[in-house]
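Participant: Residues per chain, in single letters:
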Amino acid sequence: MSDTPKELKYAVTHEWALDEGDGVVSVGITDYAQESLGDVVYVELPEVGDKLSAADEAGAVESVKAASDIFAPVSGEVIAINEDLEDAPETINDSPYGDGWFFKLKMSDPSELEHLLSADGYIESVDEE
Amino acid sequence: MNSRTCLYAAHEKLGAKMVDFSGWDMPLHYGSQIQEHHCVRRDCGMFDVSHMTVVDIDGSDVRAYLRHLLANDVAKISAPGQGIYSAMLNHRGGVIDDLIVYALPSGFRLVVNCATSEKDIAWMNDCAQGFQVLVQQREDLAMIAVQGPQAISRVNSVVGQALGAKISALKPFTSLYASSYQASDNWQYARTGYTGEEGLEIILPGSEAEVFWWQLHTAGVQPAGLAARDTLRLEAGLNLYGHEMDENILPLQANMAWTIDWRDSERDFIGRPALLAASDAGQQEKLVGLLLTQRGVLRDGQHVYFAGCDQPGVITSGSFSPTLGYSIALARVPVEAGEWGEVAMRKKRETVRLVAPGFVRHGQPVIAPCIV
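Residue numbers (our numbering), protein chains in the order written: chain A, 1 to 129; chain B, 130 to 501.
By construction, these hints were calculated from the structure, which means they are not laboratory data. Note that this is a predicted model, so its numbers are computed, not measured. Hints should not be assumed to be uniformly reliable.
As the list claims (entries may be wrong) - Derived DSS-like pairs (lysine-lysine); straight-line CA-CA distance at most 25 Å:
#1 B/Lys476 / A/Lys51
#2 A/Lys104 / A/Lys51
#3 A/Lys106 / A/Lys6
#4 A/Lys51 / B/Lys248
Make the full structure from the sequences, and use the hints.
Facilitator: Structure representation (structure tokens):
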């Protein structure tokens, strides 16, 4: 079964968000998502400085099998992107919660984090799919 | 409840991600389809293809029957073990299925697709009216494909020197029948495949399949799933039923004209009149390869636009090529399409180059211009 760390928050669209303090979250896709996609071959990342609202399209991930959009789990400004993914997209399969992070957001409304799912809530939403 | 092959337990032990494939639980991959793909191109891998349907046909009229049923001519194969690739056409010239037919010591063996096997066998029985033949589905058999530059030497290390020498001497599209360890039926070692590499497809009693699978595994053959099988066949430019062809597609539109044997003008094979009429009307579409060297992955069903063509073409199989490192596709396009086209992708239009349908052979890129 897929790995779903307790310390993360989740969106039903299969992104995770890690509260790094100072109003910054890092964002990636879940183990369940990478496993469903299979081998990732391309990643489209947002640009540093992009201002995103929660649920805005923030990029895309494309595997051998399928393409999938990535959405911002919370609102904020993109302050960093993981450029290493461009040359090594397989990192998303190998380490979805670690080296496979996509981007970091400076949240405009940190209370939005509370609206995201807990690990248990996310597992439930996946089971319903 | 889905059907399971004799190797289901082995797939589970190997950690396969199992998926439904036309009513069968089959391994999609065992961790990474790209690694399995590279393994077949560089070393060798094995595929459980026991979901494919083996149909043995025998009887006093079997040769006449198959010369009527199939668009290729079984008159070309007489010695047991010889095989040919053929389409089985309907009366409109559309492709009911594509298959390999081998001469058996007595009668013939057809290996047909899993998704189409029910309608295939119904059609074979319908067409058998007036012929003395018996059509028998062999559900007792399993099939393992071992493919890659090291495939034959690894198989030989398992089966031993005497049989190995005979296997090494096989020419493409020939096979040999060797006696089984336990069961009464023979094993068939065929030098065929669906990857563009050297290798064998081995048809064997299902009761002996798992032991053989693990022997191959011990000999260093890595398992590969259906996902790698698909990218390998696409790189090799090989058709997949339901994608490049179906009952409404003529062989000419699917790069299969070479499989129609016209040499015996007396031979009345099913679909012949329709193909002659279509040929007189002139070819409208051709099957080509596409290269997308920018980022992105071509997908089935996307349209391809060409300058000077009223109708767009359509991608019949699109994916990422692990060997080339970019996306490739097979597409059915207007016959007058030029070298460059535009594909309507998810959010943009991208330029693609049109090439001959076949991208990789024996581990090496073989990109060539399309000449039709």
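Participant: Does each hint fit the structure? Answer for all of them.
Facilitator: These are the hints, each one checked on the structure:
{"no.": "1", "hint": "B/Lys476 / A/Lys51", "in the structure": "holds (21 Å)"}
{"no.": "2", "hint": "A/Lys104 / A/Lys51", "in the structure": "holds (12 Å)"}
{"no.": "3", "hint": "A/Lys106 / A/Lys6", "in the structure": "holds (22 Å)"}
{"no.": "4", "hint": "A/Lys51 / B/Lys248", "in the structure": "violated (56 Å)"}
Checked against the numbered hints given earlier, the structure breaks only hint 4 and satisfies all the rest.
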